[in-house]
Every structure is written in structure tokens, then in C-alpha cells.
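A.B. asks: Position chain C relative to chain G; hints supplied.
Order-wise, the sequence lines are chains G and C. No gaps in the numbering here: position 140 of the first sequence is 139 in numbering that gives the first Met the number 0, and each next residue is one more. No gaps in the numbering here: position 264 of the second sequence is 263 in numbering that gives the first Met the number 0, and each next residue is one more.
Worth double-checking, as some hints may not be accurate.
To be clear about the criterion: a stretch of chain G counts as covered by chain C if any three or more of its residues have a C-beta under 8 Å from a C-beta of chain C, and this derived list gives those stretches [claimed, not checked]:
no., segment
1, 1-14
2, 19-30
3, 60-66
4, 86-95
It should be emphasised that the hints constitute simulated quantities derived from the structure, not laboratory data. Just so you know, even glycine gets a beta-carbon here, dropped at the ideal spot from N, CA and C.
Listed here are the chains, written in short residue letters.
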Amino acid sequence: MKSRTSAAIAGPSIPFMMLFIAAPFAGVFVHGFQFTRAVYETIEIESCTPGLVAQNCVIDNRTRPLAGDEGILVTVGEFVGLGSYRNDLALKRLAEALDGFSRKKLMGIDFRKALRFSVAFALIALSPAWGTGLAIAMAVISVARTVRGQAAFLSPLPSNSMCSFAGELARCRCGRPIQLFACPLRFAGSIASARCGVPVDGACNREYCKSRGDFNGSGRGSSRGRIRFRASVAARHGFQKQIVSGLTAGAVRG
Amino acid sequence: MKVKNFVAAGAVTIIASGAWAECAFENSIPLNSLTADFDAFKAVAASMAECGNFEAELDRDYRFKQPAAFAANPSLYHIGGVSNSPFVPLYDQGTIRPLDDLVAIYGQHLSPNQLIKLDGEIWAIAMMVNVQHLMYRKDILDDLGIAVPTTYDEVLDAAAKIQAAGVVDYPLGGTYMSGWNLAQEFVNIFVGEGGEFFGEGHEPSVNNETGIATLVMMKRLTKFMDPEFLVSDSTYVQKQFQQGKIAIANLWQSRAAAMNNAEDSQVVGMVGMASAPMGAVRPASTIWWDGIVIAKNISDEEADAAFRVALEGLDTETVVAHNDAAVWLIDGFVAGEAAAGAAATAANGAVPYPAGKAMGLMHTALGNIVSDYLTGATSAADTLANVEAAYIAAADEHGLL
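With the rest of the complex left out, here is chain G (with noise of 0.2 Å):
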């Protein structure tokens, strides 16, 4: 294939990667050495909570967080450089389990969990993603001149399944299909962070990847999948008004 013939091929997909790809990863990055965290007041407060014979009312102290409007929390961003990565590291842990080598101890510490799971993702998914790739970009290579064009068009299709399929196979079901492309940037991701997708015990469970990923309100790696939830919930909110009036308007109309 002429250069500039791939060159006009890929052009148009490099704004949109450049745009949903690097962009968000390069905010990411940057947000990495940044941290956000909710102010909290403490106040006297007194609570009444039912018991089974009476009434139960407490006057203790109560931590709450502020909220602003529409109960979004107030927050304050600080710069905090590596801070967040030695935490995620847990570099003081790890001295303390390499001291005398206590292997239990190292087993506690998340970012080791973490970096298990990258390591196993990066075998499991990603080689052979790139092996298939590269046997497939060899097979486009090899076959007859004139059907050439055709299969170097359809040849992104097995190896975007492939790469799921291993994904998937890593990911122990939870996950949603990974596309071509966030392979190794989730893979990157994780390492990064060490925030995501670490199975617990080993196990394949599914209620703990949907607490971590989708909407559990507490925890690591919590707020972005709470982000998530509130832009789908949003989404779906905002499409459902969209369907009512347009069915509205349809109506009035007719």
C-alpha cells in the first residue's frame, strides 16, 4: 500500500484517538499528582433511631461532609506531586514486609495484588493480541494483490475479538469488551494506578468488580466509578426525556 494511501486511511482516526484516547490519559497523568478531598464538619448533633420497645435519642458528635448545591460535595484540590504514587506503593509496608521477607505481609499490600493482576493481563491478553496482529498483518501480506485492500480492511475484526476474548479471559468476566486500543493503555492504567480490577483472593467475583467499577460509594477507585454512574444515570435520564418529547412532538404534530 502507498504511503499516502495509509496515511489517508489512518488520518481521520488520529484527531478522534488524540481526542478520546490521549487526551483523557494525559488528564489522568496530570490528576495523578493532584488530590481532591472532602471538607468535613464535625457538629452536636442529637439522633433519634428507633429501638424495638422505645425510642433511641443520642446527642454525640456527627462528622458530616458539607454539601453544596444538588448534594454535590464541597471539595478542595491540593497538589500533592508523588504523594498519591508512594501511597498507592505503600513503600513503608513494603520495608516492612521485605524486612525478614514476610511473605504474608507482602500478600496485604494492594499494589502487589495490582501489579499481579497487570503481569497476568499482559500475558494472557496481550500477547497473544499482538501475536494474532502480527500473524494476520503477515497473512494480509502474503495473499494475492488484488484482494489485498479488501483484507487489510477487515483484518482489524479478528484481532479486536481476540483481544477481548484474552480480556475478557483476564479481566475474570467482570469487565465490559476491552477494544483494541485500550488494551494497553487499561494495561498502562493499572500499573499506573494500581487502582484497578484487582480480583480478591484470587477469586472470580463478580460483586467486587461491580463494587470496584460501577457505583460503590466508598473505597479506592471509588469517585471515578461513581463519575460513571451519575454520567450513565445522566445519560440515560437525559435520553429518556429526549424519546418523551420527541414522541411528544411527534404527537402534536400527527
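C.D. replies: Then chain C, alone, in the frame of chain G:
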């Protein structure tokens, strides 16, 4: 009555439309709710549906969905079913509304015990209390001459005898599912032993003798359970009981009525209710309440209608028809045999679940990490050190420390 039930992915949806004779008023505003999925909420939701124009979603993952769903504007749900702990994020984020005005107009008949008050304002209407307590097969204990256990040591003795007799698949059941359930079991035993989760400020204090004793007891109990205990939630244990596979479990009172449901249960009339096993200080259980909240991000008209529909679900009629489904706080409830275990647990001095922001993070840390000890991956002390480390990281991230 046209009530359609859809069951999909662990969630049940009840949709109602049409005219309703059994509701005090006819609801003309489309309303919906998101609640837990146990029997009491099924009864309440069906009752609410009698008012018409109402869609109820009953989902075991309600606690994870509610905070974001109620924060949307307009809120995705009008009515929420909550208990102690899921109530906290909704209240903290200010996505539910105070109910004083509505109670003044429509809720004069509510008992003071039902009003969940914070800072003098009413934020939720409780309908029932729920505790975990001992359920046991009366026939098996009688046959083997075993007295009803009152402590976990006695539970272990009884389990050993039941195992030796080989009358059931596994002597014990337990809500030990990794995550929320497992953490709740830790909380029960830890609180029973007199443990306090936090020291000065919000510093964790679980890595101590009480914490280790709690873990050791949990592991001893699991030896008598189905080896798949890390996927065993309340519904799983309920089914184990109903199918005659287990003899003893510390299970939620809200599951008690299901034991005598002839459609599903092979052990009707055979399951006895007793207090949760006593720890060193109090029973290994915590008191929870369940009730309803009304979203803030909806119009006042919708809130008005939602409150009236909710009260329709929480009326005496519902309670009389489903007396044994819960320990109701509503007029008309007659404490029967199904409530005996809850009453005994409360009489023995069980305390309310210590719900709050820090406790939520601690619960999550426990739920994610305690299984490491039960599977043998880490020692008790290391497990608790990991729990504290995870809690500190989360609390720090949330700005609590």
C-alpha cells in the same frame, strides 16, 4: 389488581396502572421507588402500588445505586427505602427532604418511634426494626438433646454434635459473603465482645485482642459451613434453611417468616428463633431500622403524592396482612413467634449499628480484607493491620483524619 412482576438480574419491578379500590386516594402523579428486595419491602411496595401510577424497583444493590440516583436533578426516584447505614450518604449529601410538614398534614397517626430525627427535623419514616439473631432447627436440636446455644462457643459445640450425627449437609450457615455481609458479621461479633471501632478522632482500633478474637471465632465457625461461604448472603442462607441443608445460623429477622412459607420451605414449623449469641458484653448483633425517605430534587406536588403513597404502604392494612414479615413499628403489629428472636436479642442489650461516614469506610475495608484471613492468605494480626491501612488510606482520601 394488575400488578406485574419483572424479575431481572436480582431486581424486581412492580408496575401498577389503573384504578384502585384499596388505596385511600387515587394517585394521579407518576411515582417510583428504589428499595431493598426482602419480604417486608415487597409487601410495602405492593401496598403502595394499590394507589396507582406507581413503579417500585426492589434491588438488593439499592444501597450502591441510591446516592447517585437521588443526586440527579430531577431525582430518578421519588421514594427510597433505606436502613441505618444507606441513609447516611443520602442525608449527608442533602438529597432527601425533611418531612416535618408532610408528617404534620398526613402523618399524625405515626408513632414517635417511627420518626427518624436529626437535629430536630424528621428525615425518614421507619417501618420496622431488623436484627440478626439465632435461628435453629428445633427438631434437630431436640433429637440430639442439644440446648439452644446462647454463646458462639455453645454454637460450636452444637455444630460439632450435629456434624457427628450427619443429619444436615452443614451444621451452620452464615452471611459470610465477601464484602458488605462479611464485614457485618465481623461488626456483630466485635461489638458483642465490647469492641470500639475508633479511638481518638477517627483513628481505627480494630487491630487488637478483641479484633483477633473476632477473626478467630469467625474462622472456627466457617469450618462448619458450606465451603462456599464467601458467596453466602442472606438469601443464600435463607435457602439453605428452607431446603433443610443447615441447622443453625445467625440470620436477619426479616428472613424469619420465609422459614414458614410453605411454597418455598421444606422446614415449615421446624425453625426456632432465639437471641443472637452473647459475646463478652452484649449479643453479637446490631439493631437496624428500615424505612422510607423522600427525594429532595422533585417538585413539592410529587413529594406530597409520594409521601401519601408511601404512608399507604406503611399502613396497618399492610402490617395485618404481613404480620410475620418483619418486626413492624406500625400500629396493628402483633409480636408473634417470628419476632421472638429479635425481642430476645434486644432484651439482652443489643445496640444500634454505629452508622456514620467513618464506619462506612471501616465496613468497606473489613468487607474487602477479612476474607484474606478466612482463606488462610494472611494471619489475623496482619489482616487487621491491612484493614487499618486500607481504612486509613480511605479516611485520609476522604479528609477524615
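A.B. asks: What hints, given by number in increasing order, does this structure fail?
C.D. replies: 1, 2
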